[in-house]
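Protein chains in written order, with our numbering: chain A, 1 to 142; chain B, 1 to 405.
Be careful, since some hints might not be right.
[Stated by the list, open to error] So these bits of chain A aren't anywhere near chain B, every CB distance computed over 10 angstroms:
#1 Pro35
#2 Lys102
#3 Gln140
[What the hints assert, rightly or not] Some but not every residue of chain B turned toward chain A, in silico, with C-beta under 8 angstroms:
#4 His342
#5 Tyr344
#6 Asp345
#7 Thr348
#8 Ile349
#9 Lys352
#10 Thr359
#11 Gly360
#12 Gln374
#13 Met403
#14 Phe404
Everything labelled a hint here was simulated from the structure, so no lab data went into it. Computed from a predicted model, the values in this text were never measured in an experiment. Using N, Cα and C, we set each Cβ at its ideal position, and we do this for glycine too.
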Amino acid sequence: MTIHEIEDRIVEEFSQFEDWMDKYNYLIEMGKDLPKIDEKYKTDQYLISGCQSRVWLHAEYRDDKVLFTADSDAVITKGIVTLLIRVLSGQAAETIIQSELKFIDQIGLKEHLSPTRSNGLTSMVKQMKLFALAFKTRNQSN
Amino acid sequence: MLDPLKIRRDFPILERQVYGRPLVYFDNAATTQKPRQVIEAISDYYQTYNSNIHRGVHYLSQQATQAHENARARIRKFLNARESHEIIFTRGTTEAINLIAASFGKAFIRPGDVIMVSELEHHSNIVPWQLLCEDRGAELRVIPIDDQGEILMDVYRELLDERVKLVAVTHVSNALGTVVPVEEIIRLAHLNGSPVLVDGAQAVAHFPVDVQAMDADFYCFSGHKIFGPMGIGVLYGKTDWLEKMPPYQGGGEMISEVSFERTTYNELPFKFEAGTPSVSDTIGLDAALAYLEQTGLEEVRAYEHQLLMHLLMRLSEISFIRILGHPRRQSGVVSFLPGDIHPYDMGTILDKLGFALRTGNHCAQPLMNHFGIQGTIRASLAFYNTVEEIDRLAEAIRRTEIMFR
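Between the sequences and the hints, there should be enough to build the whole structure, so can you do that?
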């Protein structure tokens with residue numbers, strides 16, 4: 001599926017909830033499906049700065065695709081990371097670099113996230129793109 | 001007895017809703033809300049007598065100068081300082097501490113000297129000293145605390161030696177609410193010949209402060225944490241020290257005579273107030289202090305003590321809540337951990353329920369390290385909070401916990 005298709009699907013999933021509390025409950029549930037990062041990567045090196053809760057993000061490159069795993073010590077953050085991974089993991093490096101994610105706004109989460117958390121979200125996306133860029137660069141030089 | 005409902009009517013922001021729910025504002029340690037008397041004083045200044053102060057011969061300038069200096073006079077009385085010239089306007093507590101670090105540091109700190117802070121400090125009372133120590137080849141020494149959140153006084157006594165040239169401690173911990181026994185800290189420091197700076201940012205809005213009685217050499221606070229505007233702060237310094245210290249910044253206001261060969265500095269307090277001051281903010285702060293005076297700080301203290309006890313009781317009734325620190329004397333602030341739930345998760349949901357709380361390390365990372373945690377949820381009180389708000393918070397915490405099971 002393309003990034004847009006996955007985004008649309010997430011937006012559809014969230015559209016069934018009218019109450020913000022149900023939305024958050026869904027997000028919390030979703031966090032449980034997060035592709036967990038290998039414990040050995042839960043170090044400062046893989047820690048994303050800019051989040052009040054801690055988020056560790058790891059990426060690998062397989063069959064021309066970037067695969068992400070992550071973890072967080074906060075459950076809501078886990079849910080958000082899960083969504084980001086659903087959208088971006090398994091895509092080509094160039095696609096990730098070029099992507100402009102709209103679903104966060106569309107599912108009405110961004111307006112509910114505090115600025116610090118929003119920044120954390122921004123840092124997460126930025127870090128995912130940086131990983132993609134690194135793989136792309138390495139690929140070209142090979 | 002203080003009537004919180006009457007007080008609430010003076011704070012327009014407390015009537016607003018967030019996410020369609022009534023706002024419950026428990027983030028007073030970060031900043032306090034402003035009564036309309038403060039908002040109106042600032043508005044009145046800009047609408048009727050805005051002008052630059054101290055040098056104008058014209059009517060408006062004299063009126064603004066008078067108001068600005070009245071504010072200084074009120075602050076002198078508020079802190080019970082001896083002289084009005086011992087009151088210096090800054091942008092806030094942080095700038096006041098930086099002023100001392102720069103100016104006192106330049107005059108008195110030499111290689112090998114020691115500056116002491118406590119483990120309770122806000123980053124603002126750590127980093128300026130680190131910068132100074134780096135610059136002067138001096139050493140930062142830390143007074144440890146126990147798990148109740150109390151400064152270990154016997155260790156402090158041992159750490160005081162002839163190398164200690166300044167002790168900088170908070171009056172009230174912004175993260176735990178510990179009321180530090182500054183009188184005793186100052187007494188011991190003075191026996192050792194060391195002056196003391198007290199960071200009063202979390203104290204002044206909650207109980208009366210008397211700088212002469214405690215014998216502080218320097219005392220500072222921020223206007224915005226005492227129902228006044230942001231961007232204004234106060235540094236109190238004993239005349240003797242201030243006279244011996246060089247200017248902090250150069251510019252207008254702080255000079256007496258300027259030539260390219262030599263400049264002489266203005267007298268206190270203007271020596272430390274370069275540039276046009278934030279006149280609207282000093283006037284706003286004046287109005288805030290007038291409001292507090294009228295309410296009575298002893299009444300505020302008594303009422304807030306009831307609130308704090310109620311908050312501690314309600315929180316301790318919730319089985320999964322762990323309250324951080326149990327100081328003998330506590331003021332305004334309670335930090336807690338919601339069991340296995342990340343403070344940030346709970347803070348996010350509580351926000352949606354209308355509660356303004358703070359989550360995180362509260363700009364006191366060394367303190368969080370002491371407890372081996374990343375952060376807490378902090379509820380911090382002011383005299384416009386009510387027992388009902390605390391009950392609602394306890395109920396909301398219980399509801400929120402269910403979401404994360």
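| task | Could you work out which earlier hints the structure fails to respect and list their numbers in ascending sequence? | result | none
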